[in-house]
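Keeping their order, the protein sequence lines are chains A and B.
Under the working numbering, the first residue of the first sequence is numbered 1, with each subsequent residue one higher.
Under the working numbering, the first residue of the second sequence is numbered 1, with each subsequent residue one higher.
Note that these hints are calculated values from the structure, not bench results.
On a predicted model such as this, the values are computed, not experimentally measured, just so you know.
All residues carry an ideal CB built from backbone N, CA and C; glycine is no exception.
Mixed in with the good hints there might be a few duds.
To be verified - Chain B is faced by these chain A residues, among others (derived, beta-carbon under 10 angstroms): (1) Arg-170; (2) Ala-173; (3) Arg-176; (4) Glu-180; (5) Ala-183; (6) Leu-184; (7) Val-185; (8) Ala-187; (9) Gly-189; (10) Ile-190; (11) Val-192.
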Amino acid sequence: MFELLGIPPQALFGQLLLGLINGAFYAMLSLGLAVIFGMLNVINFTHGAQYMMGAFAAWLLLGIFGVPFWVSLVLAPLIVGAFGVVLEKLLLKRIYHLDHLYGFLLTFGLALVIEGLFQWKWGSSGAPYENPIPGGGNLGFMFMPYYRGFVVVAALVICLATWYGIERTRLGAYLRAATENPALVQAFGINVPRLITLTYGLGVGLAALAGVLAAPIQQVSALMGTSLVLVVFAVVVIGGMGSIMGSIVTGFGLGVVEGLTKVFYPPASNTVIFVIMAIVLLIKPAGLFGQTK
Amino acid sequence: MTEVLLKVENLEAWYGESHILHGVDFHVGRGELVTLLGRNGVGKTTTLKSVMGIVGKRTGSVRFENEELVSQPSNVIARKGLAYCPEERGIFSSLNVEENLLLPPAVKPGGLSLEEIYKLFPNLLERRRSQGTKLSGGEQQMLAIGRILRTGASLLLLDEPTEGLAPVIVQRIGEIIRELKARGFTILLVEQNFRFAAAVADRHYIVEDGRVVDMMTAAEVSTNIGKLQAYLGV
Numbered sequence: 001m002f003e004l005l006g007i008p009p010q011a012l013f014g015q016l017l018l019g020l021i022n023g024a025f026y027a028m029l030s031l032g033l034a035v036i037f038g039m040l041n042v043i044n045f046t047h048g049a050q051y052m053m054g055a056f057a058a059w060l061l062l063g064i065f066g067v068p069f070w071v072s073l074v075l076a077p078l079i080v081g082a083f084g085v086v087l088e089k090l091l092l093k094r095i096y097h098l099d100h101l102y103g104f105l106l107t108f109g110l111a112l113v114i115e116g117l118f119q120w121k122w123g124s125s126g127a128p129y130e131n132p133i134p135g136g137g138n139l140g141f142m143f144m145p146y147y148r149g150f151v152v153v154a155a156l157v158i159c160l161a162t163w164y165g166i167e168r169t170r171l172g173a174y175l176r177a178a179t180e181n182p183a184l185v186q187a188f189g190i191n192v193p194r195l196i197t198l199t200y201g202l203g204v205g206l207a208a209l210a211g212v213l214a215a216p217i218q219q220v221s222a223l224m225g226t227s228l229v230l231v232v233f234a235v236v237v238i239g240g241m242g243s244i245m246g247s248i249v250t251g252f253g254l255g256v257v258e259g260l261t262k263v264f265y266p267p268a269s270n271t272v273i274f275v276i277m278a279i280v281l282l283i284k285p286a287g288l289f290g291q292t293k
Numbered sequence: 001m002t003e004v005l006l007k008v009e010n011l012e013a014w015y016g017e018s019h020i021l022h023g024v025d026f027h028v029g030r031g032e033l034v035t036l037l038g039r040n041g042v043g044k045t046t047t048l049k050s051v052m053g054i055v056g057k058r059t060g061s062v063r064f065e066n067e068e069l070v071s072q073p074s075n076v077i078a079r080k081g082l083a084y085c086p087e088e089r090g091i092f093s094s095l096n097v098e099e100n101l102l103l104p105p106a107v108k109p110g111g112l113s114l115e116e117i118y119k120l121f122p123n124l125l126e127r128r129r130s131q132g133t134k135l136s137g138g139e140q141q142m143l144a145i146g147r148i149l150r151t152g153a154s155l156l157l158l159d160e161p162t163e164g165l166a167p168v169i170v171q172r173i174g175e176i177i178r179e180l181k182a183r184g185f186t187i188l189l190v191e192q193n194f195r196f197a198a199a200v201a202d203r204h205y206i207v208e209d210g211r212v213v214d215m216m217t218a219a220e221v222s223t224n225i226g227k228l229q230a231y232l233g234v
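Turn these sequences into a full structure, and let the hints guide you.
In structure tokens form, the structure reads like this:
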């Protein structure tokens, strides 16, 4: 069949895996954005910078304290998440009552400042991070690097755990209810301002976790989140703002679509997601999984 | 005289620049069922919201079990043992019936169990997996009341529980409110439907222009019916 299409299976499955890996990052990042938007009504343009901070945290923890990758996987999201908590308490909470535009300006400005500071301190060339699971295995139809396989599985687990936490637990019910009617949830005795702070911390932590996972694949650099976050915003628009499952499905799905486009029509691979975004916006402006408010 | 559970003095409240309450005074004794009556827009709902701490700016005094609450945020007020059932019912569409029921955390011991609530509202048991906002208006009202019985709160603030409901459902809500009173709940009820309120309440406060202007006991209603009609414009 592959010969019929004129494509060797190695190339097809190689690109599929690459698509799945990209999709894993799209899913994790758009999930964090969806969680934050649902609760705070803020489109967090700092997300790419926070992803980069996760990768840098792991790199610095290794370089300065010798902290191994597996420990950083827990520690870096906690550190960057705590930074998010401070950010929310100091700045973001002052703008919730204002138009979306102010949230956009603030978080976009913060991203520029943070990325500028990292670039000033560590330059823009990027630093390598050692692969924690070197090697790979031959699956018969393709070669599978172990670490890349791990990233796909880890991202799936992280996404599904987040979905479960939000859709199936008591804390998640508070979160969903507070998204709809924060004043009433607070009048039931729940500290909603604290819930909002923790939600932002969680969303930022998810971005940082994605950053740590990306460190061994990409160069750790100040601008590693800039181009990625653009695609992630397209993914969020396609999936529907604030939809958890939408983010996960569209994240992985679009990664695969992008990978397949590289096989069948490479010139379109960089634009295919934006073309899909335009079509979805025309047909279903709230996104594939979104609900019109 | 019964012990005063809630005492509100000179309560003023604002929505942004609008001054809504101009000094509300009333009290509710433990185990009592007290109503706030009045025409549309006189500040009854705002009074409930101000007691609960949902209104932005408020001054004066709201004492519950002798503790001052007027400067506390609503989540702290709820934890003292007050529970609020809003006029628009506030059923969450992203939660099913049972999740809606389980949402308010227990703040004190002695709340009703889920089984007791389902016994009181059998419809809710049948539809426990349905999306909360897919219920009928009457069922949503029962869900909104049932939801706050689990928390162990001793004072229930009910805002127009009969609004927009069919007479047979209104009657059922009346039976439930009487049963809650019999179980020892203290209830502060805001109502437009005076006939409903008269059938269940111990005392009535009349609210006009953001103030309490009169009070009458259930026994005094029949001799003051003309005055009451003038207040309510019915």
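Against the structure, the hints:
A least Cβ separation of about 7 angstroms between Arg-170 (chain A) and chain B falls short of the 10 angstroms threshold, and the interface hint therefore holds. The closest approach between the C-beta of Ala-173 (chain A) and any C-beta of chain B is roughly 5 angstroms, which is under the 10 angstroms cut-off, so the hint is satisfied. The criterion of a C-beta within 10 angstroms of any C-beta in chain B is met by Arg-176 (chain A), whose closest approach is roughly 4 angstroms, and the hint holds. For Glu-180 (chain A), the interface hint holds, since its Cβ comes within 10 angstroms of a Cβ in chain B; the closest pair sits about 5 angstroms apart.
Given the 10 angstroms rule on beta carbons, the hint for Ala-183 (chain A) holds: about 5 angstroms separates it from the nearest Cβ of chain B. For the restraint placing Leu-184 (chain A) at the interface with chain B, the shortest Cβ-Cβ distance is roughly 4 angstroms, inside the 10 angstroms limit, so the hint holds. Taking 10 angstroms as the C-beta contact cut-off toward chain B, the hint placing Val-185 (chain A) at the interface holds, the least distance being around 8 angstroms. For Ala-187 (chain A), the interface hint holds, since its Cβ comes within 10 angstroms of a Cβ in chain B; the closest pair sits about 4 angstroms apart.
With its C-beta approaching chain B no nearer than about 3 angstroms, Gly-189 (chain A) sits inside the 10 angstroms limit, and its interface hint holds. Because the beta carbon of Ile-190 (chain A) sits about 6 angstroms from the nearest beta carbon in chain B, less than 10 angstroms, this interface hint is met. At about 7 angstroms, the closest approach between the beta carbon of Val-192 (chain A) and any beta carbon in chain B falls short of 10 angstroms, and the interface hint on this residue holds.
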